[in-house]
Amino acid sequence: MEEASEALNVIQAEAALYGDTEDRLLAEIDCMDGDRNSQFFYTMNRIHKTSIGLSSLVVDGELTFDLVIISDSVVQVYTELFTAQGQVTYDDSVLGAFIHPVVDTAENDALIALPSVEEIRQAFFDMEPSSSLGPNGFSGSFYQT
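Under the working numbering, think of the first position of the sequence shown as 227, with each following residue one higher.
By construction, these hints were calculated from the structure, which means they are not laboratory data. Any given hint could be a false lead.
To be verified - Simulated crosslink set (SDA-like; lysine to any residue; CA at most 25 Å straight-line):
1) K275 / T309
2) K275 / V301
3) K275 / S297
4) K275 / L289
5) K275 / I296
To be verified - Label-pair ranges, simulated between beta-carbon atoms:
6) R272 / P341: 29 to 35 Å
7) V328 / S281: 50 to 56 Å
8) H326 / Q348: 32 to 38 Å
9) F368 / A339: 24 to 30 Å
10) L283 / A336: 55 to 61 Å
11) S365 / T305: 54 to 60 Å
12) V320 / N271: 45 to 51 Å
13) S357 / T315: 49 to 55 Å
14) T315 / L289: 38 to 44 Å
15) F368 / I325: 40 to 46 Å
Note that this is a predicted model, so its numbers are computed, not measured. Ideal placement from N, C-alpha and C gives every residue a C-beta, glycine not left out.
With the sequences and hints as input, model every part of the structure.
Structure, rendered in structure tokens:
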């Protein structure tokens with residue numbers, strides 16, 4: 227126990243000296259307890275956190291570290307990329323050559339029509355009476371009575 231306490235003191239001193247995050251401290255404590263996956267998890271988490279930031283960018287041929295300039299540049303690039311220039315048109319006949327209807331009008335009407343009372347009744351009586359409970363807590367036999 228005393229050995230673990232000394233190790234914890236060393237880790238806390240390192241954290242204060244190097245400005246490590248709380249995650250690093252927790253990772254070291256977990257590893258002292260013998261959890262092998264914790265060190266891997268915290269290492270991967272630390273790598274992920276350091277890789278998601280954008281701290282420098284070449285803007286107009288110059289390397290800049292100013293986050294405002296970087297932000298404005300990124301917004302400008304994606305605005306130009308996803309903003310249409312002029313009017314966008316497409317030809318329906320071109321799309322029609324590649325998209326073939328699978329359901330005809332009569333089938334579509336049958337699919338979107340409301341079911342009749344007889345169809346609903348038949349669906350209830352087709353259910354297995356001893357089936358497991360549904361999301362409302364009732365089995366098939368409830369509906370068939």
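Hint-by-hint comparison with the structure:
Only pairs whose Cα atoms come within 25 Å are accepted, and K275 paired with T309 is rejected, the gap being roughly 31 Å. With a CA separation close to 22 Å, the supplied pair K275 and V301 stays within the 25 Å bound. Restraint check: the Cα-Cα separation between K275 and S297 comes to about 19 Å, which is no more than 25 Å; the hinted pair holds. Distance restraint check for K275 and L289: the Cα-Cα separation of roughly 23 Å lies within the 25 Å cut-off, and the hinted pair is therefore satisfied.
With a C-alpha separation of about 19 Å, the suggested pairing of K275 with I296 holds against the 25 Å cut-off. Roughly 57 Å separates the CB atoms of R272 and P341, a value that falls outside the hinted 29 to 35 Å. A hinted range of 50 to 56 Å for the beta carbons of V328 and S281 is consistent with their spacing of about 51 Å. In this structure the supplied range 32 to 38 Å holds for H326 paired with Q348, their Cβ-Cβ distance being about 33 Å.
Range check, F368 to A339: Cβ separation about 27 Å, and the 24 to 30 Å hint holds. At about 57 Å, the beta-carbon gap between L283 and A336 stays in the expected band of 55 to 61 Å. Distance hint for S365 and T305: a CB-CB separation of about 57 Å, consistent with the stated range 54 to 60 Å. Between V320 and N271 the CB atoms are about 48 Å apart, so this pair conforms to the stated range of 45 to 51 Å.
Range check, S357 to T315: Cβ separation about 54 Å, and the 49 to 55 Å hint holds. At about 41 Å, the beta-carbon gap between T315 and L289 stays in the expected band of 38 to 44 Å. At about 45 Å, the CB distance of F368 to I325 agrees with the hint of 40 to 46 Å.
Comparing the model with each numbered hint stated earlier shows that hints 1, 6 do not hold.
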